[in-house]
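**Q** Chain by chain, the residues:
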Amino acid sequence: MPSAAIVDAAVVTRGLTKRYRGMSAPALRDVSLSVASGEVVGLLGANGAGKTTLLRILSGLLRPTEGTATVAGLDSVREATAVHAVVGALFGGAVGLYERLSARENIRYFASLNGVSRAEIPQRIEEMVALFGMQAFADRMVAGFSSGMKQRTALARAMVHRPRVLVLDEPTTGLDIAAALVVQEFVLRCRSEGRSVLISSHNTGELERVCSRVVVILDGCIVCEARPGVDIARGELRELYLRISGEGV
Amino acid sequence: MIRVYAVQIGTVAAKELTELFRDWRTVLVSVGVPLLLFPLLVSLAFAASESPGGQTRVAIVGQDSLSVVPFLQSLERFTLVPIADSGAAESGVSDGEFTVALRFRDAGARIELIYNNAEVRSAEVAAEMRAALEHYSTGLAAQRLEELGLARELLTPLRIEHNPLHRGARAAGTLALSLLVPVLTLLAAAIGPIAAAGDVGAGEKERGTLEPLFGTCASRAAVVIGKFGAVTVMALIGVASFFVGAGLAYLAGPILYSAARFEFALQPLSVALTVLLGILTAAVFSAIELTISLSARSAKAAQALFLPVLILASAAGYGAVTLSGAAGWYAHVPLLNLALAIKASVAGASFHPGVVVLWAVVYIAAALRVASAVVQSEGVLRQR
Numbered sequence: 001m002p003s004a005a006i007v008d009a010a011v012v013t014r015g016l017t018k019r020y021r022g023m024s025a026p027a028l029r030d031v032s033l034s035v036a037s038g039e040v041v042g043l044l045g046a047n048g049a050g051k052t053t054l055l056r057i058l059s060g061l062l063r064p065t066e067g068t069a070t071v072a073g074l075d076s077v078r079e080a081t082a083v084h085a086v087v088g089a090l091f092g093g094a095v096g097l098y099e100r101l102s103a104r105e106n107i108r109y110f111a112s113l114n115g116v117s118r119a120e121i122p123q124r125i126e127e128m129v130a131l132f133g134m135q136a137f138a139d140r141m142v143a144g145f146s147s148g149m150k151q152r153t154a155l156a157r158a159m160v161h162r163p164r165v166l167v168l169d170e171p172t173t174g175l176d177i178a179a180a181l182v183v184q185e186f187v188l189r190c191r192s193e194g195r196s197v198l199i200s201s202h203n204t205g206e207l208e209r210v211c212s213r214v215v216v217i218l219d220g221c222i223v224c225e226a227r228p229g230v231d232i233a234r235g236e237l238r239e240l241y242l243r244i245s246g247e248g249v
Numbered sequence: 250m251i252r253v254y255a256v257q258i259g260t261v262a263a264k265e266l267t268e269l270f271r272d273w274r275t276v277l278v279s280v281g282v283p284l285l286l287f288p289l290l291v292s293l294a295f296a297a298s299e300s301p302g303g304q305t306r307v308a309i310v311g312q313d314s315l316s317v318v319p320f321l322q323s324l325e326r327f328t329l330v331p332i333a334d335s336g337a338a339e340s341g342v343s344d345g346e347f348t349v350a351l352r353f354r355d356a357g358a359r360i361e362l363i364y365n366n367a368e369v370r371s372a373e374v375a376a377e378m379r380a381a382l383e384h385y386s387t388g389l390a391a392q393r394l395e396e397l398g399l400a401r402e403l404l405t406p407l408r409i410e411h412n413p414l415h416r417g418a419r420a421a422g423t424l425a426l427s428l429l430v431p432v433l434t435l436l437a438a439a440i441g442p443i444a445a446a447g448d449v450g451a452g453e454k455e456r457g458t459l460e461p462l463f464g465t466c467a468s469r470a471a472v473v474i475g476k477f478g479a480v481t482v483m484a485l486i487g488v489a490s491f492f493v494g495a496g497l498a499y500l501a502g503p504i505l506y507s508a509a510r511f512e513f514a515l516q517p518l519s520v521a522l523t524v525l526l527g528i529l530t531a532a533v534f535s536a537i538e539l540t541i542s543l544s545a546r547s548a549k550a551a552q553a554l555f556l557p558v559l560i561l562a563s564a565a566g567y568g569a570v571t572l573s574g575a576a577g578w579y580a581h582v583p584l585l586n587l588a589l590a591i592k593a594s595v596a597g598a599s600f601h602p603g604v605v606v607l608w609a610v611v612y613i614a615a616a617l618r619v620a621s622a623v624v625q626s627e628g629v630l631r632q633r
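Protein sequences, first through last, are from chains S and A.
Counting from 1, position 129 in the first sequence corresponds to residue 129 in my numbering; the numbering is continuous, with no gaps.
Each number in my numbering comes from the position in the second sequence (counting from 1) with 249 added on.
Next comes chain A alone, as it looks inside the complex (with noise of 0.2 Å):
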């Protein structure tokens, strides 16, 4: 009996991704997408990093006493526009003309900053300048103070000293990736089988397909299975399509951007944790977003479905970025509890692995035990 159901099974499977590999379009969402996307999403974050031109303007206004002007000019990170009308320094910071104006004041010992709040750059720009003016006044009173015989350790009555618990760029690096790979992973997993699952439920149901496969001896219950198999296969293609097009943008970084390399280092325990997670996220996914689809009355309806799906994933996802030291209750949140899971494991830690691991096969086994009521009911059949 067993060996019916597996072989049913497998038929079901081996057909459902025989027809999905032969949709363009569910391939152009399932690998086309999420390949691209990465790439794509850098290109744009680096293209939006560079001003203008490649440079950043700043206006300059007024006499400059201090020789502010020439330190500001070897940092070779501004080119300084000398305007003589004081009100165009603003327009010109409204317009974009200038990312930020430099007013001086009192014979130059009173600078003003001019820079647009609304708008990113120009608010960075100006902490970047104010960091460089604040560092050029304390060299200038440093050099007061000597020139009165007072030590220039009188500046700073405290110091700090930075003892961070993570050392090295690498370390840095994975921290960061351990924030990243969560979020990428549930938003690819929920992504992934979107496509997949709106054409084997949904889509079927619609065609007019359902009925004569459900006239065969197949039971219901292998049918679901077979389809889960399908559309949990599409999902890893599209999480694998995600990571390989992340990976891809990671190399061409350097190369066509002269981006410094984001450094990272992951042990192979770690690595392969995260890679079982993400397969049990996928599989999860895969698992709900079919019930949705064999519930829906239509595939458009179902698309409709998919999103608190997708929201949800994202909530999970960031979630986990912005709980730190997460309480062990956690670990019972659903979507949330692999993306604390996967945190954890890519840093190198744990965060409940079993518990997690044993909840997401909960997760499967009640959606496709759900798919199976729904398929068993009479309403899936076409009213006609």
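Chain S with its partners taken away, still in its complex shape (with noise of 0.2 Å):
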């Protein structure tokens, strides 16, 4: 019988492990982690440790090797479409946008295939043209857009069809400060709304920022879970994760 506080979470993954044809190691090894509904749950680790895994096989992108994951009480593997409709999915920063199509059309797109009907869809795209401030560069070819244009572009396509989840991978590589701000605004605002999150990034202030809590990940396992302000003082962040994964030895 599951707790209460499992019904109730948004996300659950109980011994997920992932192994990759060809690869030795596994991705992710044993890893169970459960997010809360308006959680903003941040993964710390290296390059390779698992992160973008594991947000994949919540998006529905892949199969776990072993182990479950349920999304809003979805299952990742046999309800993937179901839960396509629950998660807004951000991966690799700002690219993976057409770039022959405007920002608005990128949106129409990611609507329509998200099953947003089609008398909804214009009315769904102005809130998040406004919602990120995208009303200058709406109609303009992505091609032309900076990474922050980009970004916004991209947070929107996501956000479209209302999703409960949002999955972020490294959302603000590559973007300047005010961009990168504008993403942690829009983080904040979710967490806000009591919509969950996961993001993982590389910037320990950020995730400090936003996240009610962080997950260490190493090697694929799961090694450590602070609540930055409750478990560790603000800033100490970055000392922990060096400590854990001995990389600042």
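Derived from the structure by calculation, the hints contain no laboratory data.
Mixed in with the good hints there might be a few duds.
[Stated by the list, open to error] Stretch-level coverage of chain S by chain A, calculated; a stretch enters the list once three of its residues show a Cβ under 8 Å from a Cβ in chain A: (1) 59-69; (2) 96-105; (3) 200-207.
[What the hints assert, rightly or not] Take a look, some chain A residues computed to stay more than 12 Å from chain S by CB distance: (4) K264; (5) Q516; (6) A615.
We put the CB at the ideal spot given by N, CA and C, even for glycine.
Combine the two chains into a complex, taking the hints into account.
**A** What follows is the structure, given as structure tokens:
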């Protein structure tokens, strides 16, 4: 019988293990994690630690080799399409946009594929354009965008179908300070709206600012969890990570 | 559920076409090149057929005592240039100063025809010259027989009557067209989708846009079919552009080059069947090339893999030209069956159209099945 906390959780993983073909070491090893509704959980770890693999499984893009993952009560493998409807994902920073389409066309395309009704799409696009302050460039081709403009468009595209859970993989990589702040403000807004967010980043200051909890992943395993401002003082996350990972030695 | 899939397929196809038409490289390869290729080739062919200065220069060496030179002059096809130096004839033909040379020996009774058999134009003119001289020689012999009181029919103990099955310029032109159209259709159908397939498959993979796309509620099979639809539209535009270009060259030939018009006659049913087979051929190549593109690691790798497809298309097209009276089992040979069916339909005949259409549908379904399996695999996502 699952506990009430797990039933309420937006994301639950149990014994999640992922082995890629041709790779000797698993990318994820026995990862169990739960994220409550309205919780923002940060994933901190070196490149190749397994953060992206975990987020891809939660987005229904990859199948775990062992274990299970549920998002909003939906199994990420058996109910992958339904999972896509409740997850808004952003992978690889500002890449992944169609450069020969305008920002508005990019958002419309994803709204349509995510099942937003034809009648509702124009209204949703306008909401996204207003939310991310894209009025000045919404009708321009993405090819000429700055990284910040691309990132806003990508976030708008990920949010257009009102997902309950947001999965953000290094969303501020390559962004200037102002653009990164837009992303951080957006995550804080999601938190205040009761949306669950999983965010991976190498920026400990950013994770401390936006996350209610940070999970440290090393070699595919969760090795530590900490609540900034509760378990550790703000500004100590970097120190903690370096101590655990041994990278600071 | 079917409606949801249909909306997804339509959405993907519409988006792909929007993007493809905004890419000038794709438009150039799919529309511009096929449209201009044929007129360009025809222009080059006409330019090559004209000798330098517009006339065929023939060197004449030695004494002509049988009025061969006046006969050749009367034909008005050759510019005859008498030269004194016998050795200069070979070197002149070799250098291209003369197309061929005639050296008169034994007081004009023996004529040596000097030509460059490594050069097409020289060999062609030599054949033309040989025919003219043989005609003149026969006339001369007939005249001598008559002078001796003998019938000139003695020269032709065998009389050959020509009885072709297809009479008239149009019939011959239609037959020629039935040889030309399969080759052109297969090549155009293979070339047409290359740029589009490369862009929507491997190109999208390379740009990292497949991952967010597969994170949507759209089924991956619907994504593949939508992309296939867009690629097929581009292929059809490519094939249509190719034939529009060919049509322009056909219309412009007599005007620009004073060429004789190549006449043909096509029945409406033949045209309809040929168009249907052309559409199917374009769809087959679109499905194959999209599958290759989605399987390739990069757009560059996809381009390399398209080459064997082009070779197979050429082989099938030329195979249909060389095969006459093809056996029934050829209807089961991939691509060749389409080429043979197109050849037959242009000629107003039929080559197992039902079987060929069925096989084309099977090829398309099989290719899309493989493409769907490819996009279902985890390997299709960019490794990070």
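**Q** Each hint should be assessed against the structure and marked as holding or not.
**A** Structure-based check of each hint:
Using a Cβ-Cβ cut-off of 8 Å, 5 residues of the segment 59-69 of chain S lie near chain A, which meets the minimum of three, so the contact claim holds. Interface restraint, the segment 96-105 of chain S with chain A: holds (7 residues with C-beta to C-beta distance below 8 Å; minimum three). With 0 residues carrying a beta carbon less than 8 Å from a beta carbon of chain A, the segment 200-207 of chain S misses the three-residue requirement, and the given coverage is violated. In this structure K264 of chain A is not separated from chain S by more than 12 Å, as the shortest Cβ-Cβ distance comes to only about 5 Å.
No Cβ of chain S approaches the Cβ of Q516 of chain A within 12 Å, the least distance being about 43 Å, so the stated non-interface status holds. No beta-carbon of chain S comes within 12 Å of the beta-carbon of A615 of chain A; the shortest separation is about 25 Å.
Hints 3, 4 from the list above are not met by this structure, while the remaining hints are.
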